[in-house]
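Participant: Each chain sits in its own coordinate frame; assemble them with the hints.
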Amino acid sequence: MKLKFFATYRDFTRCKEADVTAPPDVWALLQHLKGQYGDAFGDKLLTSDGTDIGCETIILINGRNAGHLNGKDTPLSEADVVSIFPVVAGG
Amino acid sequence: MNAWVGTILRVDLASETITKEPLNLKDAHDYIGARGLGTKYFCDEVGPKVDALSPENKLIFMTGPLTGTGAASGGRYNVISKSPLTGTIGAANSGGYFAPELKYAGYDGIIFENASDTPVYLYINDDIVELRDASGLWGKTVYETTDLLKEENGESFKVSCIGPPGENGCLYSGVLNDKHRAAGRGGMGAVMGSKKLKAVTVRGTGSVSVARPEKFMEAIIDARAKLKAHPVGGAGLAALGTQVLVNIINESGALPTRNWRDGSIFDEADATGGESLADKYLVKNKGCFGCSIDCARVTVVPDGPFKSSGEGPEYEAGWSYGADCGVSDLAAICKASFLCNEYGMDPITLGATIACAMELAEMGAIPEEDIGFKLRFGDPHAIVHLTEAVGKNEGFGKILALGSYRLAEKYGHPELSMSVKKQEMPAYDGRAAQGMALEYATSNRGGCHVRGYMTSPELLGVPFKMDPLVTEGKAATLKIFQDLTALIDSAGICLFTTFGLGLPEIAAQYREAVGTDETDEEILFKGERVWNLEKHFNIAAGVEKDTLPPRLLREKLPSGPAAGRVAELGVMLAEYYELRGWDKDGVPTTEKDGATGIKYEAKVLCDV
Ligand code: SF4
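As they're listed, the protein sequences go chains A and B. If you count the first sequence from 1, position 73 lands on 75 in our numbering, and the numbers rise without skipping. If you count the second sequence from 1, position 597 lands on 643 in our numbering, and the numbers rise without skipping.
Check each hint, because a few of them may be wrong.
With a straight-line Cα cutoff of 27 Å, these simulated DSS-like cross-link-like pairs (lysine-lysine) come out [what the hints assert, rightly or not]: (1) 74(A) - 511(B); (2) 444(B) - 420(B); (3) 272(B) - 46(A); (4) 353(B) - 225(B).
Chain A side only, calculated, beta carbon under 10 Å to chain B, not exhaustive [as the list claims (entries may be wrong)]: (5) 58; (6) 64; (7) 89.
Everything labelled a hint here was simulated from the structure, so no lab data went into it. Here a beta-carbon is modelled for each residue, glycine too, at the ideal position from N, C-alpha and C.
Chain B extracted, bound-state conformation (with noise of 0.2 Å):
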């Protein structure tokens, strides 16, 4: 049926019913799928003023037409909900195997309401959909439950589930499938958690079939073989995975150091790379559902103070407990990155958050008896040790728990917490590279590099170069980004797939899946529907202003190629609200509004 399996699942977990309704194919083609589906559900029937953390909170599993159809890294989905750490619409994607499970078991996405009183978890297995006792799960770490789940029900299960730091609230928790694939930003886990919801595990035997399979096959016939050529797409991922971009971008100057604090230069970057994380730690490579591009890292530190085993680290959680914590101990970088996947934690900003405790702690702002111990940068037993005290929800961890930004104002000093919309960037400085400094500026759920990712053009020159220091243009094309990001989310592929495709042939597949005639730029407005749809609900929800943290925009790169320079972030800023058809305060007109056929219903505008 077009791409789709046509159910949606609703759950009331207070009331333990469970309906199944046809998906509402008039959105489906507005808003594509995943990310822009779930959001439009979540907005037609939640109040932007919603407590993240209340039953009244929804939370959405979306899945997108491309999902489990073959199409290139075809195999992801989105959970939605507002995001307790940034109050914004929250959509956190994941790949692994759980999305085309649940579409092979008939349901293209699953809407959880309300709460239960006691910890349960959602048994799907093709018809049979049940609310079962999670009692005995409720504590256990992702892994744990992700074995048990399989043990009781059926290694052919998966599973997408929190850990303890989703129960416990933790403000930054994900929601994790396949033991190693995270929804990681925005704290999904906590509203997951919240509803006492432990985990969904699915097992379908069904299919999904495309609207023309002759051409859609051509489709992924001709994307995958543009993947193969591509020196990124092709090779590069699989031999050295995202870690590698550590030493470009840091021998760009671009690379945060010290909690931004100390530049954008980490003199022992090329310890914690992914040529040293090749040489020393690699085991394999492996791949999500219908990838070939395999960028995860099988890896085991086999000894030393740090032994431990898992996937990763990637580069934002390579530079998180690396450069921005000034670690160069390439061991406890992996630790405390498999912690954050065993424990369900976000690494980005667990890794900041504790960067910026060690800027607070070293200037005396937070008192030593409240960390139990010397917090200083470099320290890689600190950021193995305190990952595992949020995971564990101990002593000092109940307060990194909540992020950045809270943490640095009890402190006195939220100016030091790199955070936008409360959520903390990644790993490329904006002074380094203008167009990312509004990427974080605009992103629609707070600091964020997946949201457009002008890194690429900028500091990679994929797929084509960009001057990073220069301010020129970079609001156009940030905009076309923004678009087409939201287009790949929702189809349900891999951003990673635009190292090797661009529009043409990610629209291409999404046509002749789902049966339309529309053109690839037809395709790409539905990205900007989704986009002005996210804003929407952002303004509606009262989220502040867009805008970079002092540091960013007042105190200069000490040194490197972007030396005296900070992000001039106003004039790209008043560029970009023009070319969204924004006014100049960054909200949508309604002129703009009626050409991207938004209603946004009385139930958003209204606080609940």
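Just chain A, with the same shape it has in the complex (with noise of 0.2 Å):
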């Protein structure tokens, strides 16, 4: 499964996309990020109890928000492409 990571959070992961086997959902594959790239990431992706999905990120799989699909229960696959993002504005 492809990860691709944006803006700010590229200084955590240092680098632009990553392979990863696909977890079998967002819930895991964000104990998976939080292990592989610190706490500091992880804080940033969990809310500050660590039980849902932080309101400063937005994961988007396949281009849909998380929060539209099942949140942090959405089930993931190989094919899957999920993109990382903090919340961000502008325009």
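Facilitator: Take a look at the structure:
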């Protein structure tokens, strides 16, 4: 499964993309990312109580915001592309 | 005096008469200021059928009550006139430092009437207000004009001016202040040029006082703290600027590509995004008066064929010259965008007009000899060359200067102009964000993203998340956003404050500045009043109905999360009109006019 990182999150991952074996769902992916790239990144990805996707993070699965799918329980598969952003805006 | 300084300058450019008149406080109360108040003055004084480039059209610079007060991002003004591009009411908004200076000189706004025979500029030094000869400035760029006026009058003077495209009638030429801040859209520069008015330069040593200073201070401290704490209004925009949006909009399948022909995923988007800009060319960030967000970019392309420096590019320009033209060379995008500031042109319309020309040329609809070379999508040299051609009014640039609608019509394909009411839509595909589709169709100044900004909930999840692919709930949210945006623009603050603030914080600053006890809802309702007045003007002006280019209504997106989708406008539009209290054709009804208290006087309703 392909992971893409953007904006200031690249400062944590030091890469733009990574290939990983698809975890079962978004929640498992977040745990994997925390383990891989450190607690500081994990703090950004998760809510302060560590129970959900943090409100400063946007996770797109094939371009769809996890919030419009099944949130942290959204299932993942090998063919998915997951894009991870800090909340950004402008325009 | 309650956030206003109390005087409007009226400048008759034909007779060279300058009068100072008291601000109409009743209208200032009802229409807030800046965009709303300027529109009210305009509608009372100018007929809707006026030829936008004739002396009978007027040009209004108007500040808001919060301009120059210390309110968060409170440094803005609007330039208001009938738009020569769209035929709608035109109101273009700009930040920088010019508008507070105008208030400190003692003027809330300026109304320019008629036209001068020879180039002039308006000199304002507190009480001294004079029209001066600008023959030596005519033909100069925005940068040159600004430098020359500062040299002549002193570094402390602020300058708002047009470049050669404004003089030459480019229908999307802007009015630029502080060199890089643009009242950019709708061709306000062309109106100014038609009046032979090159610039306004101002120095003010006064101040603005607010009605309830202590409570006002509390309101701004609260607002500024909330902005600082917000991930976007705090560190986010300062770090990567607006261009950071390229990737998220692209990943969401909503970045229109090659004149919206090839769907909305641009494979090379990352090379053009805010991350690449920061890596390669960003020198530092910068802000406008009273702003802590500091979203502006100071940028240098140090070498190569597109060696250049300036401010930007902003997201919309990065898109119009980037994905929309199929160009991935960020240096070329930077240079084209800088040229737009230097010459004074709207980069959204210009980039999108070049994209339209690229599609027409690839189809063989424009003969190669008209352009002078083989124009194709993806050519970085072409975007720079053609931008310069419009700036200098040379060759094919003369046709591009009329915008994509008139270009596409001339070559037999008006349907390929990606515009609404003849103004180009910006960088979000309404097929992938249905609320944006409704926003474009109903915007009172043609294709525009800052008359509501549905992108924020639909694609960015700020301040709440709305599924971009559904139509339910979009009309109601858009109505609130449109009214709120009208309030923000009219108050004299920056729309970006909504990346941290909501109606309560914005209304609180307004309330304490002007000294009113109106509720949040009553204050928001003034935004609705502004919106309805604009709509009335457009209807009286005979502006075409609310719709979208056929490409959005009929051509399905080929890929991405919105694959197979078109803009489902019909259903949203009917709901929207009903919520606004308008009839099924989108005409405000008498009953609702009563509610918003609009009296649209005979002058506007008859053909002048
Ligand atoms: S947010 Fe950006 S555009 Fe708005 S006032 Fe601040 S610096 Fe200017």
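Participant: Check each numbered hint against the structure and report the violated ones by number, ascending.
Facilitator: Hints that this structure does not satisfy do not exist here, as all of them hold.
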